[in-house]
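If you read the protein sequences in the order shown, they are chains D and G.
With full-length UniProt numbering, the residue at position 97 of the first sequence is 97, and numbering never jumps.
With full-length UniProt numbering, the residue at position 65 of the second sequence is 65, and numbering never jumps.
Hints are computed from structural coordinates only; laboratory data are not their basis.
You may find that some hints are simply not true.
Pairs count within a copy or across copies, as identical chains cannot be separated in the list.
[Claimed, not checked] With a Cα cut of at most 20 Å, we get these calculated EDC-like pairs of lysine to aspartate or glutamate:
| hint | residue 1 | residue 2 |
| --- | --- | --- |
| 1 | Lys362 | Glu206 |
| 2 | Lys277 | Glu358 |
| 3 | Lys282 | Glu271 |
| 4 | Lys355 | Glu240 |
| 5 | Lys355 | Glu272 |
Number of protein chains: 2
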Amino acid sequence: MSAAALDFARENRQRFLNELKDLLRIPSVSTLPEHQADVRRAAAFVAAELKRIGMEHVDIIATAGHPLVYADWLHAAGKPTVLCYAHYDVQPPDPLDEWKTPPFEPTERDQNIYARGAVDDKGQLWIHVKALESLFKTGGGRLPLNVRIIIEGEEEVGGEGIAKFVREHSDRLKADFALVSDTEMFAPDLPTLCVGLRGMVYTELEAVGAMTDLHSGMYGGAAPNPFEALARIISRLKDENGKILIPGFYDRVGKPAAEELKAWKSLPFNEEEYRKKEVGSKELTGEAGYTVLERTWARPTLEVHGMPGGFIGAGGKTVIPAKAAAKVSMRLVPDQRPDEIFKLYSEFVRTLVPKGIELKIKQFSIADPIVIKTDNKYVQASTVAMKEVFNKETVYIRSGGSIPIVADFEKFLKIPSVMMGFGLPDDNLHAPNEKFHIPNFYRGIESIIRFFQRVGNEG
Amino acid sequence: MSAAALDFARENRQRFLNELKDLLRIPSVSTLPEHQADVRRAAAFVAAELKRIGMEHVDIIATAGHPLVYADWLHAAGKPTVLCYAHYDVQPPDPLDEWKTPPFEPTERDQNIYARGAVDDKGQLWIHVKALESLFKTGGGRLPLNVRIIIEGEEEVGGEGIAKFVREHSDRLKADFALVSDTEMFAPDLPTLCVGLRGMVYTELEAVGAMTDLHSGMYGGAAPNPFEALARIISRLKDENGKILIPGFYDRVGKPAAEELKAWKSLPFNEEEYRKKEVGSKELTGEAGYTVLERTWARPTLEVHGMPGGFIGAGGKTVIPAKAAAKVSMRLVPDQRPDEIFKLYSEFVRTLVPKGIELKIKQFSIADPIVIKTDNKYVQASTVAMKEVFNKETVYIRSGGSIPIVADFEKFLKIPSVMMGFGLPDDNLHAPNEKFHIPNFYRGIESIIRFFQRVGNEG
């Protein structure tokens, strides 16, 4: 295997990082309509770079929402084809006042780069692009394997656009396997392959009581209170031990194989350390009889994310709001089916609606849970590539998060996904002070270079 | 009794209304720090007008919060002294998008003036000032009785400043009775005297779980969810029938006299009309076995006003927030004691805190519940004055709202309060599209002129 690409990547580290910073400065928050132009700007930025490094058929594909970016290079006759996937959109940055430095002014501190999207997923997207550049530049404008790349701008809002594209244009995405870098390493310096994801159903419950906001002095005792109604509903979705009370909810929940559970036990994980350093709460919560890794990887959960409505300023306002809402999501595990779960949830919630309240149930996004088999050659090649870079055996883990597209790739393209992720557990994904560990940015690029060379040589 | 003052008031109606509009344009929102200068501007506006009409010793009195405005005219030897009370601060205007016209651009529609503070309480404050002006201008610069006026700027944030002033400077407020115009009429055209108020305890529960916001995929199933905790707590504060479950909460709740309950039954009130036209909910809620008037006037309640924290934007964000809060208030009735109730509430809430959550309990404001005796001569005189203006018998009602200062006047000044209010039940107090019925603004001025003349003649 040629070391030239690795040398090129090492020599250009600072430039690669500076380019990433430029991308991080674009506030491509897909969920907020006021950032629509920024989202398009991020798509254009990525497309221009793909073109510059040598990718062909670079295309910004319109969808009903934010555009997809597609490119390919398909001249490695007889070699396998990889479909690289990443996303250029980011989560909203709020609460803004908790960021030490502004979310869209990337700042280096202690070998980390702090910015919204640093790890999720712009840093990891840039790893793909820079690995491809290194291979092109040192390979006489050629790659060791065939490459398609599809990058979406709606991952944080449910990924409707790419899901539709995958369903309807599977011919344009024909490949032997997908490479998805949107996950994390189990521990610093420990090369990790993610082989399972939880699914998701994200909903909003909107409770409407009176026709207008009312004074709690005048109407308290007669008018329905939508927050009280939502509190009553939420308190009955789970018991005090974290067991979800929706009838039928657990019917399709499978147990991980004994071998997988055994491997998890050998991972470097200390629940007390995790409680203190990662979560920081007095106690951990969740279902009794399961370890933290089982609870977050292999058991479903239900969470409340926010309750819009009423008065949320400083001090007091004596209002009974006409309406209030609760954002509630469920994480699912194989073999739960999101559509079925949403139906069970909706039916159960309807039985809990208190007197005087009208309830609307909205569904924002769904994702299938998935488990990837570890015995295919691409998974094996990625494991070896990472071991070479990190000088440690690669571990297999699952993630409690959801990447809906992985299930879609399996379902519609019939290909497995290799989830090589380079985030760290304390990277503050979706939270203030999101960061990416800069050495992992560089190691990620080298891992992908080695992985593609290995697949090209073996393929 | 001289009709000159009434004539003056009628001739100057348009000017009086235009002046009120100027006052309404000042966004004196006492609860929001960014409006501090506006609050002071409103105080200065009121003080300048008191001076202009002929009041003496006009003083803007600094407090730890927003200033008080004081003035007097004490040259009616041998006559009673009234202490006029009103407030110049207003509630926050949100939700802004539900206002048909901007909250601080007073707009006339259908004989109403729409603006934040129109009825609560700037319109009613201006009734006092314009009645005094009419009496001064037509009485050779003299009034028929002695007048002190004290106007606060913190009514909507708990009234700490005036409470302290009343406790510590009762000599400066020496009077025979107080006139408080911050209540409403029972029905359009029905002159109404309010003789009872609910008390209040306003609190905020802050639940803290993790040390930072966490991704619900990564941590869901292990990290405590503060919204879930608050939902669990709130759902256990009241049962499904509106009964408050705090032990000891009802111990001091008294029953209104049989005569008062009988009088309420004769008021023009239809629960189905009220449900449809005022509340607009599918059903009314509250304790079984009590009428709406009993539930809102003579029974305590507990309400949730807002639940700050987490993600409240459009769409979905998969966060387990580190903290969340609930604004919870209780309305109290005689003889419940706010301090005791806060203690019982806090003790009970502490027993409900779920695993992994730290709970902080804050208290923002309290008010004593009160009932005024109807057999004193000032109450009688006001009843007659309103009957003369409205050509109908004045009815006695209670209000479900709280005016803490009325209890303080009784406790520290040993004087009764005459609560003549000119708002209407559909005036959208504390809600979007707050209004004041313009004919009631004029009738209010005439009622107070007649009331003061009657007290002066009889005194």
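The hints, checked one at a time:
{"no.": "1", "hint": "Lys362 - Glu206", "verdict": "within (8 Å within a copy, 28 Å between copies)"}
{"no.": "2", "hint": "Lys277 - Glu358", "verdict": "between (42 Å within a copy, 17 Å between copies)"}
{"no.": "3", "hint": "Lys282 - Glu271", "verdict": "within (13 Å within a copy, 49 Å between copies)"}
{"no.": "4", "hint": "Lys355 - Glu240", "verdict": "between (24 Å within a copy, 8 Å between copies)"}
{"no.": "5", "hint": "Lys355 - Glu272", "verdict": "between (44 Å within a copy, 16 Å between copies)"}
Figure legend: structure checked against the earlier numbered hints; every hint is met.
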